Amino acid sequence: MQLKRLVIFLGIIFWPVSLFINNTSPNFINYILPIFEPKVALFPLIFFALRKNIKLSLIFLFISLINFNRFWGQTIFKPDYEAQQSVIRQTLLYPNTFTARLFHNKARIYIDKFNNNIFALTDPNNYFFKFHPNEIIIDNQNLKKFPSFALFVVIYGLFTLQRAKHKNLILSWLFGAILSLSVLTSFDRNDFILWPPLCLIFVHGANQIKNKLFWTIFIIFSIFELWQIII
Amino acid sequence: MNKKLLFILILIIAMVTRFYMLGKAPAGLYLDEAGQGYSAFSILQTGKDEFEKAFPMVFRSFTDFKTPVYIYLIVPLIPVFGLNAFTVRLPSFIFSILTFPVFYLLILELLKKNLNTKYYLLSTIASLLLAISPWHILFGRTNFECNVALFFLLSGVLTFYISLTKPKLLILSAILFAVAIPAYHAQRVITPLFVIILFLRFRKILLSKSHIKYLIIGAILGFLILLPTFKVATTPGFLARASLNIFSWEKQKPAGFIENAPQILNSPVLLSTVEFLSLYSSYFSPRNMFILGDYGPRSSFPYLSTFFVWQFPFYIYGLYLLIKRKDLGELKFFTIAFLLIAPIPAAVTRDPYTTIRALQMVIPQIIVISIGLLSVWEKIKSLNLRRFTLLLFYLLLFYSLLKLYSSVIILNEYFRGKDWNYGWQEAVQVLQNTNQSLPVIVDNSRDEPYIQLAFFLKYDPEKYQRENFEVPVEQYYINMNREKEKHLGRIITRPINWEKDLLIEQYLVGDELAISLQQIKEHNLELIEEINYPDGSVALRILKTNPN
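So the sequences go chain by chain: A and B.
In terms of numbering that gives the first Met the number 0, the first sequence has 41 at position 42, counting the first letter as 1, and numbering is strictly consecutive.
In terms of numbering that gives the first Met the number 0, the second sequence has 483 at position 484, counting the first letter as 1, and numbering is strictly consecutive.
Quick caveat, the hints were computed from the structure, so don't treat them as lab data.
Misleading hints may appear alongside valid ones.
Here are a few chain B residues that face chain A, going by a calculated C-beta distance under 10 Å [claimed, not checked]:
id, residue
1, I257
2, A260
3, L276
4, R286
5, M288
6, F289
7, I290
8, G295
9, P296
10, V308
11, N434
12, L437
Covered stretches of chain A (chain B as the covering partner; in silico rule of three or more C-beta atoms under 8 Å from a C-beta of chain B) [as the list claims (entries may be wrong)]:
id, segment
13, 28 to 36
14, 173 to 184
15, 215 to 228
As a list, the in silico DSS-like pairs of lysine-lysine whose alpha-carbon atoms are at most 27 Å apart [stated by the list, open to error]:
id, chain 1, residue 1, chain 2, residue 2
16, B, K380, B, K3
17, B, K111, B, K250
18, A, K209, B, K3
19, A, K209, B, K380
20, B, K402, A, K164
Predicted model, so just to flag it, every value in this text is computed and none were measured.
We put the CB at the ideal spot given by N, CA and C, even for glycine.
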């Protein structure tokens with residue numbers, strides 16, 4: 000029991016610690032309690048819509064509309080002059096307008112940005128290996144969010160999620176957060192809203208794994224990795 | 000539709016996507032391709048490579064020691080098609096096409112026990128996805144050894160499974176596995192691991208009275224085929240690529256290394272394990288598979304990853320089904336084993352998501368996507384919805400083919416000319432029309448252009464061997480010293496010496512960095528030709544000095 004508690008503590012502490020160390024205190028508070036952050040205004044709206052809670056959805060829709068301008072300016076829908084110029088340049092390479100327009104058009108700009116975000120947010124290496132070996136340069140702090148060996152626990156947790164008590168809550172939170180973060184120009188640090196559902200999945204997975212050798216390795220590696228973050 | 004006809008249609012799609020402009024796209028010929036081609040040409044003409052080594056087991060080349068199978072496959076093609084880009088890329092094409100019947104039959108063989116129409120469909124879908132796979136297409140139309148190696152590995156696995164009921168085929172299986180090992184570096188790890196796993200799984204059958212005789216014959220034959228490889232296996236040449244591994248910290252420290260930190264935090268066990276796990280998991284990462292692809296400009300196409308984005312949901316669903324479903328028979332074991340083994344050689348090297356070393360991964364991942372696709376199809380019961388889904392699938396297929404055309408032919412040619420060393424064929428043509436009595440200095444400060452020059456000039460290998468000496472033949476595999484200056488008759492490749500070279504009437508060849516416009520003006524050089532990349536930037540300049 001003590002061992003499992005230590006495992007769970009080590010599993011969930013990485014993200015807040017690395018976020019705290021790499022940011023100023025006021026920013027840190029904003030990231031862990033993003034109540035007034037317009038960038039994540041879409042999250043509660045999607046979350047409650049997925050939970051089929053119409054009243055709360057409407058309230059958050061109203062709040063989103065108040066913050067609309069500040070939110071819109073930080074989304075992938077903000078006009079991108081450079082990307083548009085690139086589209087125009089590339090259309091000139093094609094023998095006919097149909098193929099040129101099929102692969103290079105304005106919609107493509109938004110789709111590509113959305114895809115880049117959604118695939119980054121669903122990349123296991125983002126959470127367990129600081130995005131290594133394909134780190135996002137400049138735009139991202141590439142934080143260590145979970146111990147490396149937690150990868151196996153989270154995968155197992157996801158695979159057996161059907162058995163989890165609060166699976167609907169976890170899934171609504173997870174999808175709501177991923178979708179709302181995917182429309183941002185940069186989701187870095189605001190992606191902390193993914194910490195609770197991922198922790199729940201980790202805990203669910205951890206409760207299913209009984210192998211003591213695995214947990215011993217997990218603890219040893221995690222302690223050193225945590226030490227690396229702190230140092 | 001008739002199963003055979005459907006497969007032939009898929010084969011036609013595979014051929015078109017790989018053969019269209021083979022040798023012309025990618026534009027240019029990368030130095031490794033030229034190196035392999037010229038080594039093959041040299042073997043054909045003299046029985047020795049350009050370093051005078053008779054029939055080497057790994058080719059010295061740029062002391063990167065290339066695997067031999069691909070080079071020996073080029074040899075018989077040169078008398079038929081000549082020494083050109085098409086010929087050196089042809090084995091990749093041939094073996095990528097030969098992979099299709101093997102792959103198709105392998106899936107059927109693995110599902111043999113519960114074979115019915117829907118499994119024919121699985122085999123067909125998987126073959127179709129392989130036919131349009133950007134990953135498999137890339138290595139099916141360029142000179143990379145990995146595709147040939149993959150064919151031998153899959154053929155070995157197929158014949159092995161058939162041999163469980165027809166024991167004589169064990170001999171053929173052993174031969175195919177033995178050829179796969181020296182065919183590509185990654186197979187030195189993958190094939191033995193796979194053979195061990197298959198042996199352990201089927202040891203009762205293999206050691207039974209009906210099989211043991213053929214097992215022994217196969218093992219002996221395999222050993223004999225590998226004997227020349229074993230003989231050089233401990234030489235520095237054979238192990239030249241070993242320094243790329245993540246456990247060697249001489250050239251590069253691993254991710255997570257902290258300067259001046261307590262030694263225990265930089266422990267090799269900790270850092271190398273985490274590094275390995277991160278690299279290993281990156282081969283399963285949807286972000287790498289569907290968005291980023293390979294970072295290398297020659298191992299990827301612009302704006303195209305290793306799989307199409309529309310295949311992503313089927314990949315996730317397929318992975319889930321692969322573990323959950325119990326009716327997949329031996330296919331389940333094969334796919335999981337292959338999925339787990341395939342990224343190992345790539346994950347022990349530092350490069351992130353390297354598709355060359357991990358090409359074998361395309362097979363289980365395509366099977367996974369196909370399982371997902373087939374399962375979705377089976378769930379659709381309404382006839383109208385089925386028609387609509389089929390139409391949607393055809394549209395996706397058409398879109399994927401257009402996307403391939405866009406990235407492989409149009410964008411790759413435009414953006415990647417420099418990476419494919421475009422310009423040397425054109426430079427050789429220009430040089431052949433210049434005054435043949437004047438010497439030519441080709442700048443090699445940043446590259447090894449001698450090999451492309453030798454290749455496109457079809458330079459007599461015997462003359463090349465006489466004019467260039469690097470190491471004694473007996474030190475071929477062990478002496479890693481290199482001679483940078485190369486002689487090809489009147490052509491010398493070395494850095495331009497701006498003091499001495501201007502005093503002699505001769506031609507100078509170099510890129511924009513070697514010969515700038517200012518230098519041309521300053522030294523009163525005569526511009527003979529400027530060769531441009533497809534994007535219009537300068538590839539090479541050919542000039543004549545004016546010493547007077």
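Hint-by-hint comparison with the structure:
no., hint, verdict
1, I257, "holds, 6 Å"
2, A260, "holds, 6 Å"
3, L276, "holds, 5 Å"
4, R286, "holds, 4 Å"
5, M288, "holds, 9 Å"
6, F289, "holds, 6 Å"
7, I290, "holds, 5 Å"
8, G295, "violated, 13 Å"
9, P296, "violated, 16 Å"
10, V308, "holds, 6 Å"
11, N434, "violated, 38 Å"
12, L437, "violated, 39 Å"
13, 28 to 36, "violated (count 0)"
14, 173 to 184, "violated (count 0)"
15, 215 to 228, "holds (count 5)"
16, B:K380 to B:K3, "holds, 26 Å"
17, B:K111 to B:K250, "violated, 49 Å"
18, A:K209 to B:K3, "violated, 50 Å"
19, A:K209 to B:K380, "violated, 42 Å"
20, B:K402 to A:K164, "violated, 44 Å"
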